[in-house]
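Protein chains: 2
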Amino acid sequence: MLMSNYEKIKTDVSHISQLTKQLAKDDPRRIVHSIKVGFAITLVSLFFYFDPLYEGLGMNAMWAVLTVVVVFEFSVGATLGKGVNRGLATIIGGMSGFGAHRLSSLSGDKLEPFFLGFSVFITAGVTTFMRFFPKVKARFDYGLLVFILTFCLICVSGYRDDQVIDMAHRRITTILIGSSTAVIVCLIICPVWAGTDLHNLVSTNILTLSLFFQGFGIEYFKTSLDITPSDDEIEDNKSSLQAIKSVLNSKNNIDTLLNYARWEFRHGRFKKGHPWTQYQKIGELVRNCACRAEALHSFLYSQGQAPNEVKAKFLEPCMKMSTESGNCLSELSMAIKKMNKPSKAKPHLQNAKQAVQNLNVLLTANIWKNLNLSDVTPVATVA
Amino acid sequence: MLMSNYEKIKTDVSHISQLTKQLAKDDPRRIVHSIKVGFAITLVSLFFYFDPLYEGLGMNAMWAVLTVVVVFEFSVGATLGKGVNRGLATIIGGMSGFGAHRLSSLSGDKLEPFFLGFSVFITAGVTTFMRFFPKVKARFDYGLLVFILTFCLICVSGYRDDQVIDMAHRRITTILIGSSTAVIVCLIICPVWAGTDLHNLVSTNILTLSLFFQGFGIEYFKTSLDITPSDDEIEDNKSSLQAIKSVLNSKNNIDTLLNYARWEFRHGRFKKGHPWTQYQKIGELVRNCACRAEALHSFLYSQGQAPNEVKAKFLEPCMKMSTESGNCLSELSMAIKKMNKPSKAKPHLQNAKQAVQNLNVLLTANIWKNLNLSDVTPVATVA
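Protein sequence lines correspond, in order, to chains A and B.
Numbering follows the working numbering, with no gaps: position 171 of the first sequence is 171.
Numbering follows the working numbering, with no gaps: position 231 of the second sequence is 231.
If you are wondering where the hints come from, they were derived from the structure by calculation, not from laboratory data.
Warning: the hint list may mix true and false statements.
Result set (DMTMM-like, lysine to aspartate or glutamate): computed pairs, CA atoms no more than 20 Å apart in a straight line [what the hints assert, rightly or not]:
hint	chain 1	residue 1	chain 2	residue 2
1	B	K337	A	D255
2	B	K245	A	D255
3	A	K135	B	E7
4	B	K137	A	E112
5	B	K135	A	E284
6	A	K135	B	E284
7	A	K137	B	D109
8	A	K251	B	D12
9	B	K338	B	D109
10	B	K251	A	D26
11	B	K137	A	E73
12	A	K137	B	E284
13	A	K245	B	D27
14	B	K245	A	E73
15	B	K137	A	E284
16	B	K251	A	E284
17	A	K137	B	D27
18	A	K251	B	D26
19	B	K135	A	D12
20	A	K137	B	D166
21	A	K25	B	E73
22	A	K245	B	E284
23	B	K25	A	E284
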């Protein structure tokens, strides 16, 4: 019993360590990020260690630590967004809280608690509802949360303490210190730009599609070409379907990265006013295309396979169409990655269109024509 | 100039008020939620108003307000998850922070700051890396954040104050008070269950598909049937494509609701051990099916329309197949909604299969057969 428990723990530990290695290998920036967070928090903790600063800020210094822990995110855009949100919301919340506190103190000792309670209730309720607006949610969700927080703390604790201004001032200072520490550390040590990630994600998605189309012709016609699939190929095929699925489900990821990228200023090849929203549109088209790719893929394994002699007839134009669409997409992906004009993609697109026309001549009502035509359409739109 | 500014503000205000009405109309629970949040925060602020409690908890009472603001979420599952995360993480973080503080104080006055800094650095780094594990992230992301926070605050502020235990104790008490207030208010006043939302979302998605298939046959054959589409129908068609798109992009939504639903205990028709993960699988199948529906839809408007006489031949079995698939899906959706066995769906499925076979007899290599067969497959799998 004891032995089996010991064995179980052993396998669990080795499983976790394997997973850890995998996570670190998939994206080494994760380790750097962890070190950065540790460093920033340790740095801010110095405010507690050194006497003069501690005397000035008092117990409020812990807000600086808290801010770093909460604001520090993986990418520069996310950290900047949260930092700005937190900073601004604290200032506005602090001032409104002070205003509410002042107003309610005019109403006399007896009425004051009711007045304060009422203003807290209204502010919290209205601000919470504002968080449901989609545009507000995308950019200022965190700011509204911090606004409620600061407002309530200043407004309510002011009832106890007459030094409200002092308290508000300290809170704002410490939070600004915390936010700027987080942003600076995030920026200086190996910065991770959400914009670059978004850019790479979109071009990788197109590359995934291109690999699918390049392989699809061979996969479908292998029985005619007398190729028996090796185990490796079956494995490849499975992973290509998995990749298509991940492209299909990339919407949320793209939207999040886009929100972060909007907070980022110019860096590297990304100038100010970079057309970030275009990535969303390309992402949409790529997902449409992936949708068709998935439908094609499932068609591959559906019951109704055409007989070999029929297949042989369509072999050449279909192969060409599939390969050329793939090549075209791969050129597009390269062009996006390098930010060139996709001039190399055009001949491939024309070849693919030519192949479609050849097929059209060959047949009037054939599945390939219709299906692949709709695959080529998004490609043409992107180009 | 002044007038035009005034006009602009006027239109902006009317636009915002319209948007607000729309948001409230789409889901009236949003208003209830806002009122609940306001109520809970006001309730917790009472801890500041009443003297005895304030004496006991001191400035730490603001942690209770802070906790309510941060923990209160839209659904019961989300609130419970955050509350439990925050409560547990505070207890564990507080104890570890106290331990680290104790250990480092043994090392003597000079070494103490270094020792403390080192333990903060290691804890923050390791915990941040743990947040990258997908399974941990799904359920305990917030808990890990709070753990870092509490650990650092207790560990570092302990350097200043010898009453660490007292501070840790107060922090834990206030946070437990805040968490439980949030959870109780969220549970008692019109609770919103993530599980119910998930259930409805999945059945609505199936319904969307069924409407699409029911309408698709008529849409495609309308030229043969001599129906000219009215403006309403074109509008319907656009909104049906929009609905299909929203089904395709529902993955993230389903995953989030599933995570929340796991935190919820039994309620209404949802017993303990309800097979929540099944919704994820159904969601996956529905998305696959929606993918094909989208491909079919774009085929509708692609260039290569078959001539009317060809269409007329396939009219009957195709119409039947499309309508029966739609009916079958709609029965499935009803069955899920009411938690019945989908017995009514079976005859429709058989009719659809029969229609597919009729088509198979009619043709050997026809687009309809292959495409719709793959549409029917997921339906069969669900049933």
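Practice prompt. Against the earlier hints, flag every one the structure doesn't satisfy and list their numbers going up.
Written response: The structure conflicts with hints 1, 3, 4, 5, 6, 7, 8, 9, 10, 12, 13, 14, 15, 18, 20, 21 and 23, although it agrees with all the remaining ones.
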